[in-house]
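Single-letter residue listing:
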Amino acid sequence: MSLLRDNFGKKFIATGEASPPPGPDMTEFAHEVAEMKPMMDKIEGVNVVDIPGARVLMSSLGASIYMMQQGVEPIFQMTVRDRNMLALQADLISAATFGIENVLSLAGDHPACDAADHKGAKPVYDLDSTTLITTMKMMNDGKMLNGSDMNGKTNFFMGAAIGPTSSPLDGEVYKTKRKLNAGADFFQTQGIFDVEPMQNFLNLYDKLIGEDIASKTLVGIVPIRSYGMMMYLLSMPGVVIKDAVVNSVKKAQDEQKKTGKKGIIEDAGIDLCINLVDDIKGLGMKGVHIMPVGNVRALKAIVGSL
Amino acid sequence: MITAQRKPMEDIVKNLLDKKKVLVVGCNGCTAFHRVGGEKQVGEFAKLLKINTKLKDKDIEIIESCVEEQCGKELVEDALNEVIKGCDAVVSLACGAGVQQIAEIYDTIPVYPANDTFLVGIENRKESILSEVCKGCGDCILDETAGICPKTRCMKGLLNGPCAGVHDGLCELSTKNNKIPCGWMEIYDKMVRLGTVDKLLEVKMPNVNKRMVQLGDR
Ligand code: SF4
Ligand code: SF4
Chain S
5 MSLLRDNFGK
15 KFIATGEASP
25 PPGPDMTEFA
35 HEVAEMKPMM
45 DKIEGVNVVD
55 IPGARVLMSS
65 LGASIYMMQQ
75 GVEPIFQMTV
85 RDRNMLALQA
95 DLISAATFGI
105 ENVLSLAGDH
115 PACDAADHKG
125 AKPVYDLDST
135 TLITTMKMMN
145 DGKMLNGSDM
155 NGKTNFFMGA
165 AIGPTSSPLD
175 GEVYKTKRKL
185 NAGADFFQTQ
195 GIFDVEPMQN
205 FLNLYDKLIG
215 EDIASKTLVG
225 IVPIRSYGMM
235 MYLLSMPGVV
245 IKDAVVNSVK
255 KAQDEQKKTG
265 KKGIIEDAGI
275 DLCINLVDDI
285 KGLGMKGVHI
295 MPVGNVRALK
305 AIVGSL
Chain C
906 MITAQRKPME
916 DIVKNLLDKK
926 KVLVVGCNGC
936 TAFHRVGGEK
946 QVGEFAKLLK
956 INTKLKDKDI
966 EIIESCVEEQ
976 CGKELVEDAL
986 NEVIKGCDAV
996 VSLACGAGVQ
1006 QIAEIYDTIP
1016 VYPANDTFLV
1026 GIENRKESIL
1036 SEVCKGCGDC
1046 ILDETAGICP
1056 KTRCMKGLLN
1066 GPCAGVHDGL
1076 CELSTKNNKI
1086 PCGWMEIYDK
1096 MVRLGTVDKL
1106 LEVKMPNVNK
1116 RMVQLGDR
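From first to last, the protein sequence lines stand for chains S and C.
Numbered according to the numbering used here, the first sequence spans residues 5 to 310.
Numbered according to the numbering used here, the second sequence spans residues 906 to 1123.
Just so you know, these hints were derived from the structure itself, not from any lab.
Using N, Cα and C, we set each Cβ at its ideal position, and we do this for glycine too.
Just to be clear, a hint being listed does not mean it is correct.
[Unchecked claim] If the Cβ cut is set under 10 Å, some of the chain C residues that face chain S in the computed set are:
1. 960
2. 1017
3. 1038
4. 1042
5. 1062
6. 1074
7. 1090
[Unchecked claim] For lysine-lysine, the following DSS-like pairs were computed, each having C-alpha atoms within a straight-line distance of at most 25 Å:
8. C:1095 x S:211
9. C:1040 x C:978
10. S:126 x C:1095
Working from the sequences, and respecting the hints, build out all of it.
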């Protein structure tokens, strides 16, 4: 059963995101999952990130299974960075066995990237985000990647990512179409902070490929919680935040300092997302992927406004 | 061509502090081209080695020699069989293959690399730098990728790129001081120029069932 598959395209939907714990203490993560559970009538799934920025966390498979057992539908993020084609298939079989159907296929940040915490780790990249989709498609047909028969079929709902702020964008457009050709069922974009990059991507996709992609895509949005978080995001490759957005966060920060009241920046971040959702709806997209970075209150507020 | 770059001197000297007579051997092949292994560099390197070992209060006798191609067994034997006598260490200014060739021939004398080897590369791709362009993977796909190798020139070796990390045409691993062109955007641009960009819509699968390790040799 995949809520995400059942509801995709039928209404404007939302997915959330959670980070597995950075060690064996599950308290915070369990709390976050428990807070998300009552929202499952409003969100269609929660992405579980896979060692993002190449910084070690509990595995996304382990955390996805935990979530599943708690009644929160996971979208199991799977990068091809750390596992060869044997281990990727083994983990996909494990996921399927535990009832996980939504899988988001990603390349994954390189272990030598700025954010990484084990820079000497060997990158694997035996497969890439496209051929992992091909692999899942074969498994859905009861086959392993080598063409041999499995003892059953999986039922993966296969997602892939779009980076609307990649530059130049042409390569990303071609790659998106290639992922679609490989069998991708849906797309989630990386976080955007105004609608322009998404609009540009759709226009270029239409020009180069001549098809609609909006109806398969959930647009990534990130509620900014503090000025520091915005600056951190800005330092990441591919993150573009327009001056108008930067200024409104700055304004909220000034106000927070002046009045001593808490939560003004957080509220401003939520408002920015709610306004952005309206613009996103205007593009004919099928929903939003909200990346709350632990801020469940923001997730609730944005979902409540849909 | 094999590309290589000189190791930091202290990494070389640390292996030689208990030695008495060291043979420094250049190679007139690839590393000479890259100006880290030819006859001229042997002379310069030997002088530097002398100074650096003296600084550590060691008086080591240094013998200089150069082989036409260190990866050739007979060429090495012809050039070194005599001169190596009495030496208790060799420093090779060749690539990793040259170092291992000498190690294989002279079983009882330790050989140390003076260079870091970067496999197969070309000079001056964008600026005056050595760029690795081929990993010698044994399954060449350059016919499908406009003559630019994604296994080597994409930092993730993706068969279906680019990843979303490309920014201004640069790889996500670029830093302020080290701008790495995104291999996949180079492939894309070249395919546009060749009029073959539609090939990018086909999924390129890895060779799942081909045995990539040459078991006889490795
Ligand atoms: S595909 Fe790349 S690594 Fe393999 S042989 Fe060809 S150029 Fe070399
Ligand atoms: S940015 Fe380009 S070269 Fe770098 S990992 Fe991604 S696709 Fe490969």
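Quick rundown of the hints versus the structure:
no., hint, result
1, 960, "violated, 31 Å"
2, 1017, "violated, 23 Å"
3, 1038, "violated, 18 Å"
4, 1042, "violated, 13 Å"
5, 1062, "holds, 5 Å"
6, 1074, "holds, 6 Å"
7, 1090, "holds, 6 Å"
8, C:1095 x S:211, "holds, 20 Å"
9, C:1040 x C:978, "holds, 23 Å"
10, S:126 x C:1095, "violated, 30 Å"
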